[in-house]
Amino acid sequence: MARSTLLARSAAACLALATLSAPAFAQSDPLASLSPEKKAFLSDPATLERFGLTPEKLQIALAGRPAADVDAYATALMAVVEDSKYKAGRDPAEIALNPQARGWNASTVVRPKMFDKLARDDGPFSLKRYMFQKGGIPTFADAPVAIRKEDLVAGKVEVAFVGVPLDFSSGWRDAKHAPMALRGMDGLVGADADGGVDPGLVLSIADYGDLTPDYMAPDRGLDHIRAMIAEMASVGVVPFIVGGDHTIMFPDVAAMVDIYGAGKVALVQFNAHADAELNGDHLISDNQTLTRLLEQNLLRGSDVTLVGLHGRDAGPATQKRLTDAGAKIVPTTAIQEKGWQAVTTDLIAGLKTGPENVFVSFDMSVLDPGDAPASGRPVPGGITMREAIPMIRQICAQTKVVGFDLLDAAPILDPTYVSRMSANYILHACLSGIAMRKTGATPVQTAKR
Amino acid sequence: MPSINAISGWGMAAAAAASAVVAGNSFDTPNPPPPLPQEDIMGEPKPIDIPADVMAKLSGIAPEKVALIKEGRTGRYVEKEALFGRIRTMPTAELTAYIDAIAALHAQVEYKEGRDAKTIPLDTRSAWFNAWKAKRPLVMDPKRDAGPMDLGRYIGGRRGGFATFAGAPVAMTPEDLKAGKVDVAIVGAPLDMGSGWRNAIDGPRAMRMTGGAGGNDMYAMINPSSALEIVDYGDIAIDQNSTERSVAHVREMVREIAQTGAIPIVIGGDHSLEYPNVAAAADVHGKGNVSVVHFDSHYDVGRNGVHWITHGSPVYRVLHEGHVRPQDYIQVGLRARGPDLETFG
Chain A
0 MARSTLLARS AAACLALATL SAPAFAQSDP LASLSPEKKA FLSDPATLER FGLTPEKLQI
60 ALAGRPAADV DAYATALMAV VEDSKYKAGR DPAEIALNPQ ARGWNASTVV RPKMFDKLAR
120 DDGPFSLKRY MFQKGGIPTF ADAPVAIRKE DLVAGKVEVA FVGVPLDFSS GWRDAKHAPM
180 ALRGMDGLVG ADADGGVDPG LVLSIADYGD LTPDYMAPDR GLDHIRAMIA EMASVGVVPF
240 IVGGDHTIMF PDVAAMVDIY GAGKVALVQF NAHADAELNG DHLISDNQTL TRLLEQNLLR
300 GSDVTLVGLH GRDAGPATQK RLTDAGAKIV PTTAIQEKGW QAVTTDLIAG LKTGPENVFV
360 SFDMSVLDPG DAPASGRPVP GGITMREAIP MIRQICAQTK VVGFDLLDAA PILDPTYVSR
420 MSANYILHAC LSGIAMRKTG ATPVQTAKR
Chain B
0 MPSINAISGW GMAAAAAASA VVAGNSFDTP NPPPPLPQED IMGEPKPIDI PADVMAKLSG
60 IAPEKVALIK EGRTGRYVEK EALFGRIRTM PTAELTAYID AIAALHAQVE YKEGRDAKTI
120 PLDTRSAWFN AWKAKRPLVM DPKRDAGPMD LGRYIGGRRG GFATFAGAPV AMTPEDLKAG
180 KVDVAIVGAP LDMGSGWRNA IDGPRAMRMT GGAGGNDMYA MINPSSALEI VDYGDIAIDQ
240 NSTERSVAHV REMVREIAQT GAIPIVIGGD HSLEYPNVAA AADVHGKGNV SVVHFDSHYD
300 VGRNGVHWIT HGSPVYRVLH EGHVRPQDYI QVGLRARGPD LETFG
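As given, the protein sequences belong to chains A and B, one line each in that order.
For the first sequence, numbering that gives the first Met the number 0 begins at 0 and goes up steadily by one.
For the second sequence, numbering that gives the first Met the number 0 begins at 0 and goes up steadily by one.
Hints were generated in silico from the structure; no laboratory data involved.
None of the values given here were measured: they were computed from a predicted structure.
Be careful, since some hints might not be right.
Simulated pairs of lysine-lysine, DSS-like, Cα-Cα distance not exceeding 25 Å [what the hints assert, rightly or not]:
{"id": "1", "chain 1": "A", "residue 1": "K112", "chain 2": "B", "residue 2": "K56"}
{"id": "2", "chain 1": "B", "residue 1": "K134", "chain 2": "A", "residue 2": "K112"}
{"id": "3", "chain 1": "A", "residue 1": "K86", "chain 2": "B", "residue 2": "K117"}
{"id": "4", "chain 1": "B", "residue 1": "K134", "chain 2": "B", "residue 2": "K111"}
{"id": "5", "chain 1": "B", "residue 1": "K142", "chain 2": "B", "residue 2": "K177"}
{"id": "6", "chain 1": "A", "residue 1": "K112", "chain 2": "B", "residue 2": "K64"}
{"id": "7", "chain 1": "B", "residue 1": "K134", "chain 2": "A", "residue 2": "K84"}
{"id": "8", "chain 1": "A", "residue 1": "K116", "chain 2": "B", "residue 2": "K64"}
{"id": "9", "chain 1": "A", "residue 1": "K116", "chain 2": "B", "residue 2": "K69"}
{"id": "10", "chain 1": "A", "residue 1": "K38", "chain 2": "B", "residue 2": "K142"}
{"id": "11", "chain 1": "A", "residue 1": "K127", "chain 2": "A", "residue 2": "K116"}
{"id": "12", "chain 1": "A", "residue 1": "K399", "chain 2": "A", "residue 2": "K437"}
{"id": "13", "chain 1": "B", "residue 1": "K134", "chain 2": "A", "residue 2": "K116"}
{"id": "14", "chain 1": "B", "residue 1": "K56", "chain 2": "A", "residue 2": "K116"}
{"id": "15", "chain 1": "B", "residue 1": "K134", "chain 2": "A", "residue 2": "K38"}
{"id": "16", "chain 1": "B", "residue 1": "K111", "chain 2": "B", "residue 2": "K69"}
{"id": "17", "chain 1": "A", "residue 1": "K148", "chain 2": "A", "residue 2": "K327"}
{"id": "18", "chain 1": "A", "residue 1": "K148", "chain 2": "A", "residue 2": "K116"}
{"id": "19", "chain 1": "A", "residue 1": "K327", "chain 2": "A", "residue 2": "K263"}
{"id": "20", "chain 1": "A", "residue 1": "K263", "chain 2": "A", "residue 2": "K148"}
{"id": "21", "chain 1": "A", "residue 1": "K112", "chain 2": "B", "residue 2": "K79"}
{"id": "22", "chain 1": "A", "residue 1": "K37", "chain 2": "B", "residue 2": "K134"}
{"id": "23", "chain 1": "B", "residue 1": "K177", "chain 2": "A", "residue 2": "K112"}
{"id": "24", "chain 1": "A", "residue 1": "K56", "chain 2": "B", "residue 2": "K134"}
{"id": "25", "chain 1": "B", "residue 1": "K142", "chain 2": "A", "residue 2": "K56"}
{"id": "26", "chain 1": "A", "residue 1": "K116", "chain 2": "B", "residue 2": "K142"}
{"id": "27", "chain 1": "B", "residue 1": "K142", "chain 2": "A", "residue 2": "K37"}
{"id": "28", "chain 1": "A", "residue 1": "K86", "chain 2": "B", "residue 2": "K142"}
Where chain B lies over chain A, by a calculated footprint (3+ residues, C-beta under 8 Å) [what the hints assert, rightly or not]:
{"id": "29", "region": "73-80"}
{"id": "30", "region": "89-99"}
{"id": "31", "region": "103-109"}
{"id": "32", "region": "165-178"}
{"id": "33", "region": "208-218"}
{"id": "34", "region": "280-286"}
Even glycine gets a Cβ: it sits at the ideal position worked out from N, Cα and C.
Pulled out of the complex, with its shape left as it was, chain A reads as follows (with noise of 0.2 Å):
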């Protein structure tokens, strides 16, 4: 009884003490002790929010402290602004590499016809031995293997894969074996139910092997991907690239506007992220390629459609930015509301005001991980493949695809075979997408089935 009365007693002092002190915390001002700079850096709410402050947390950090005190916070915070800028003579500008490296760029030059071993005619040539075969050697959409220029130009290829298994993705990392586990999974291959095509037949299709990344670096070794991609459209054909995380949508697009020209290519991103930020460390990197691309004026923002937008990097600021930079951003959210014919019939309609030519880049991460846990940075909540199998199939059919990528798929995060399905499924809605477009096939009418 006595110890309850006690217990009961010292609550009742906490309580007291409590009221006490609230009206003094709400009545003076921490910052009013500072001098005019540090309460001018303390008040800007841009600079609170990079600390993960707001102006009420940062009362409430600040209270009772003396004057002090709150100078050296001040102090603290501004140095970290200070410290994190570049300074010569203590921050390296550059990372070094090794001159003496033997074959410095062995890996990355094509090896000319006259050097091969065994002579052979220019143009895709199979790996399969049967007439039927299924199986055996993988190859994307079981096509038949170029490995040069010469190859796509002898078959007049019209659409040709290549692997890009850069893995740099800011999430998990595992694209590099995306190309690998895609060319081993089905999906790619036949007619497609409700395009009424089967792409496989309709085109010249190709599998153009991989490309060289450097995997110690995602900034080097992107000039030499956006040559061979380049290459690659110089002769007529529509590159479908696989990464390689979302890096390769730089040279991806760079490559596109090498051959087409600089305000004639635009940009449909599939894609949770925005991969617009800025004040990165590295000239590229898979959440500032975006950016890159626009401060560099390959594109136009005006020209630029982001698609199913849903992740943590997709704050107000940033998406602000880029609307008012010109760029129209379809949410997931406007997906699910407004269903996805209706915001695939705005999208292509807002298409034909701009460049006739479009790059469309999907990233994995667009899907609802359930359809695609294998994705590098996944963001739940995305679009579903009963969305995406028609948008992308619409987008390829009714504008003019001059290439395709597919970026971020990380096989390893998924035993099973969905991911991979699920990716193969996509690159094929696109190609029965091209395959229309040039059949004039139109999409089979469920009325009449």
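Given the structure of chain A, go ahead and fit chain B onto it with the hints provided.
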């Protein structure tokens, strides 16, 4: 025990706390490191003997191009006997064009000053260039005494629901380690640049969330968690797009632990981390005063690649820079497709 001010950075210590936000490259992990001596460069082509009849056919070819053949440098492009066969049978004009093509290809493959960038430039314009390794000012948290922070709520047990290495309390600064007389600091370094499957980024997190690192050892009948002061020192900042930049910072941080007398246990992260870890040990204990026992299926003495450090080359860097003497380096369990006879010498 250090004063509260020293650990919290409040008040008079504000200036000191501010200056330590970015340690920079004060102890210079070399960028680039010293060049390789010629004898360490393996896999160089060996000179070949050119038969007299082939030499005769090459009489009209420029000497520097013939030298490429003699030095064995053409082997990358065409096998020796096949080359001889072509030289013997080709008409002179065609032969000249063929040898020119080999020379041109060789020039394209090898490094050329001015044409090939020997550095990867960074974006120094960025206002947040060092943000990846900027330390959180201690003043942003409530004042506390220096020392390992117990995350537990109850009298029994220490973990309180928060996953730490070995269920240990948390330390954030060298002052915490000193104040707690810490014997062992376990620290994560989630560098994710392995050349096989990547996901070492999840190594530290996964091991914090999995039991097994604390408790009694039935063979030795000792409980290290009781016998030693162990802390979880958090993770070291990593630039996931550059092993080179990451290892420089890892070295600073591992050294910071070792300088307090605590034994650093580093949870990677890929194997390139061996280099900054061992270099940091040598920074504290002296070059040549550290030996290494290295359990691995891989040899990891790779060298003379385009990149100065990868997870295949930490051992070379450790030996080449003199942190450890070769006779003090022991490898256990090698069995991967690694070195050939020449490399083992």
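Structure-based check of each hint:
1. Between K112 of chain A and K56 of chain B, the direct Cα distance comes to roughly 24 Å. Compliance with the 25 Å bound is thereby established for this hinted pair.
2. Only pairs whose Cα atoms come within 25 Å are accepted, and K134 of chain B paired with K112 of chain A is rejected, the gap being roughly 55 Å.
3. For the hint pairing K86 of chain A with K117 of chain B, the CA-to-CA distance comes to about 21 Å; that is within 25 Å, so the pair holds.
4. Using a Cα cut-off of 25 Å, the hinted pair K134 of chain B and K111 of chain B is violated, with the two alpha carbons roughly 40 Å apart.
5. For the hint linking K142 of chain B to K177 of chain B, the alpha-carbon distance of about 18 Å falls within 25 Å, and the restraint holds.
6. For the hint linking K112 of chain A to K64 of chain B, the alpha-carbon distance of about 20 Å falls within 25 Å, and the restraint holds.
7. Pair hint K134 of chain B plus K84 of chain A holds up; C-alpha atoms about 14 Å apart against a cutoff of 25 Å.
8. Between the alpha carbons of K116 of chain A and K64 of chain B the distance comes to roughly 21 Å, so the proposed pair stays at or under 25 Å and holds.
9. For the given pair, K116 of chain A sits about 21 Å from K69 of chain B by alpha-carbon distance, which is consistent with the 25 Å threshold.
10. For the suggested pair K38 of chain A and K142 of chain B, the alpha carbons sit about 22 Å apart, so the restraint of at most 25 Å is met.
11. Using a Cα cut-off of 25 Å, the hinted pair K127 of chain A and K116 of chain A holds, with the two alpha carbons roughly 21 Å apart.
12. Pair hint K399 of chain A plus K437 of chain A holds up; C-alpha atoms about 10 Å apart against a cutoff of 25 Å.
13. For the proposed pair K134 of chain B and K116 of chain A, the alpha carbon gap of about 57 Å is over 25 Å, so the pair is violated.
14. For the hint pairing K56 of chain B with K116 of chain A, the CA-to-CA distance comes to about 22 Å; that is within 25 Å, so the pair holds.
15. Restraint check: the Cα-Cα separation between K134 of chain B and K38 of chain A comes to about 22 Å, which is no more than 25 Å; the hinted pair holds.
16. The straight-line distance between the Cα atoms of K111 of chain B and K69 of chain B is roughly 21 Å, inside the 25 Å bound, and the hint therefore holds.
17. Between the alpha carbons of K148 of chain A and K327 of chain A the distance comes to roughly 36 Å, so the proposed pair goes past 25 Å and is violated.
18. Restraint check for K148 of chain A and K116 of chain A: the C-alpha separation of about 18 Å stays at or below 25 Å, so the hint holds.
19. Of the supplied pair hints, the one linking K327 of chain A and K263 of chain A holds, its CA atoms being roughly 17 Å apart against a limit of 25 Å.
20. Restraint check for K263 of chain A and K148 of chain A: the C-alpha separation of about 24 Å stays at or below 25 Å, so the hint holds.
21. Pair hint K112 of chain A plus K79 of chain B holds up; C-alpha atoms about 18 Å apart against a cutoff of 25 Å.
22. Straight-line distance between C-alpha atoms of K37 of chain A and K134 of chain B comes to about 20 Å, which keeps the hinted pair within the 25 Å bound.
23. Between K177 of chain B and K112 of chain A the alpha-carbon distance is near 66 Å, which puts this suggested pair outside the 25 Å criterion.
24. Pair hint K56 of chain A plus K134 of chain B holds up; C-alpha atoms about 20 Å apart against a cutoff of 25 Å.
25. A hinted pair counts as satisfied when its Cα atoms are at most 25 Å apart, and K142 of chain B with K56 of chain A qualifies at roughly 16 Å.
26. Among the hinted pairs, K116 of chain A with K142 of chain B is inconsistent with the structure: their alpha-carbon atoms are about 73 Å apart, more than 25 Å.
27. The straight-line distance between the Cα atoms of K142 of chain B and K37 of chain A is roughly 21 Å, inside the 25 Å bound, and the hint therefore holds.
28. A C-alpha spacing of about 31 Å is found between K86 of chain A and K142 of chain B, which places the hinted pair above 25 Å, so the restraint is violated.
29. Three residues within the 8 Å Cβ limit are the bar, and the region 73-80 of chain A against chain B gives 7, so the coverage statement holds.
30. Requiring three or more residues with a Cβ within less than 8 Å of a Cβ of chain B, the coverage given for the region 89-99 of chain A holds, as 11 such residues are present.
31. With a cut-off of 8 Å between beta carbons, the region 103-109 of chain A has 4 residues touching chain B; three or more are needed, and the interface restraint holds.
32. For the region 165-178 of chain A, the stated coverage by chain B holds: 8 residues have a C-beta nearer than 8 Å to a C-beta of that chain, and at least 3 were required.
33. Judged by the Cβ-Cβ criterion of 8 Å, the region 208-218 of chain A is covered by chain B as claimed, because 6 of its residues qualify and three suffice.
34. Under a criterion of three residues with beta carbons nearer than 8 Å to beta carbons of chain B, the stated coverage of the region 280-286 of chain A is upheld, 4 such residues being counted.
The structure shown violates the earlier hints numbered 2, 4, 13, 17, 23, 26, 28.
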